[in-house]
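**Student:** Take a look at the letters that make up each chain.
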Amino acid sequence: MAGQSSGTENQVQLRQLRPSFSSRFKEFFIRHLQVFFYSLGLLSRTPFSTLLTAAALGIALALPAGLYVILDHAKQLSGDFDSINQISLFMKQDVSTQAIERLQKKLNAYPEIAQVKHIDRAEALKEFQENSGFGDALKALKDNPLPHLLIVYPSLTHNEPEPINRLLADLKKLPEVDLVQLDIQWLQRLYAIIHIAQRGIFIIGALLALAVLLIIGNTIRLAIENRRSEIVVMKLIGATDSFIRRPFLYTGFWYGLFGSLIAILLVNLSLLMISNPLTHLSSLYNNSELFSLGLMGINTSLALLLSGCILGWLGARMAVSRHLKEIEPK
Amino acid sequence: MILFDQVSKRYPGGNEALSNVNFHLRQGEMAFLTGHSGAGKSTLLKLIALIERATTGNVIIGGKNLHKVSRHTLPYLRRNMGIIFQDYQLLYDRTVFDNVALPLIISGFSSREVKKRVHAALDKVGLLRYEKKYPVTLSGGEQQRVSIARAVVNKPALLLADEPTGNLDPDLSLEIMDLFMAFNQVGVTVLIATHDIPLINQLDKRIVHLEHGQLLTAEEN
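As you go down the protein sequences, you meet chains W and L in turn.
For what it's worth, the working numbering labels the leading residue of the first sequence as 1, then goes sequentially.
For what it's worth, the working numbering labels the leading residue of the second sequence as 1001, then goes sequentially.
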């Protein structure tokens, strides 16, 4: 043995060897990459428990994500109803056709108004005679009882409840107008409900994000406990805290990623399951496009993936900073 | 290299493991630390490795007062010493190669360097052929040699060993001691705690004797 080592005598130095700065800099990234896959490898060694944890995370993430998707579509649905968001102006009987055309031009210039449609009283009567089934009875009338009607479509920038109310007040002041009609209450109620639902989803989302943090934190705590002796050895041979922390942080990241992938899967499956009965409902409204959820959008999916990964990393970080200090060589 | 200046260590509960120890080990020196179980051998090594901190007095390693070493800089100090344990402290889910490579990976050596140096270290302890094996498949003496390879792979200036031959038979023990002697010959400072008096009497090295936490012999040869 002594003979063996004397052959390598000239290689041994008194100073401890240090890698060059550029080597350390480069190795830093290579190690990150290695730990990235190493931590994935560790998880794949226990596929069942990894899957269980990821599924728990997936369900916790899927609930707020799914609700968000539905709410998002509900908002779009109310957007579709904007076309119904029209104001009917019934003119006074004595207003002439010329005056109405002038008014129509005037209203068209309003920034709040996208379009004004004139329904002539004579045409309206004719249509009513043809379609209502009271044709003969109406012919018996000497005068046309119907007033001229202007239908005002508010512009897209002004179809929130408040600006519409202001527009409504303005229109009521017009001297030619007899009656202004808009059923706005249902719209206000819908907006109010959406606001409540948004708040509710925010609360549920925050609680479940907390649950995700706790699940990952606990999983990482167990992983740290399992590797206690390894951590002691690492510390003894001079590993820094960040070196020891790194694989656990990546493990948290992977859990978050898998959890959010499962969540995306669950949400899309649920949407697919709802889509058929929804199409049926739409067909009852004679509008097959009215209620359609489709799949989760790419932006929502990416946001879910990102928040899953961040939550995973954060949960691991919390667990590691709490438990790593307790493990010291004895 | 190692300087103990009036060092005492009292554990919580009042048990004084070391009392007023003065001790100097020069660079390139090799010494054995002996004494009965509980005499304070392990405590002395733990103070050097910063596993424990002195209650009073100063421990100075390579010119650095360990009082001034923070939690943050401690890992970098430990990289200057190779530590060897009675129970080897290997990682059993990794191969011999990966175990020995660990200190180099922690320091940030490139894969090529790591491979070269691990091979050199394993060659020195005569275990190059086992690099792909797992530690459990090796005998106690072989596992201890793996842990020695790990301790010397980054060529530290100081080697510490706590009962390195405690689990080994006399022949294997002598082999391990020969290994330490060889590292000492090329300039490494070596401090070994052991109670194997017959073994170290065969070797012509300085012997430091501890009894009830006090240094009895500190003569330098």
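Be a bit skeptical, because a hint or two may be false.
Claimed, not checked - In silico DMTMM-like pairs for lysine to aspartate or glutamate, Cα to Cα no more than 25 Å straight-line:
hint, chain 1, residue 1, chain 2, residue 2
1, L, 1046, W, 326
2, W, 26, L, 1016
3, L, 1068, W, 94
4, W, 126, W, 162
5, L, 1064, W, 241
6, W, 330, L, 1113
7, W, 330, L, 1052
8, W, 126, L, 1052
9, W, 325, L, 1113
10, W, 139, W, 225
11, W, 330, L, 1204
12, L, 1064, W, 101
13, W, 172, W, 241
Keep in mind that the hints were calculated from the coordinates and are not lab data.
**Student:** What hint numbers does the structure not satisfy?
**Tutor:** 2, 3, 4, 6, 8, 9, 10, 11, 12, 13
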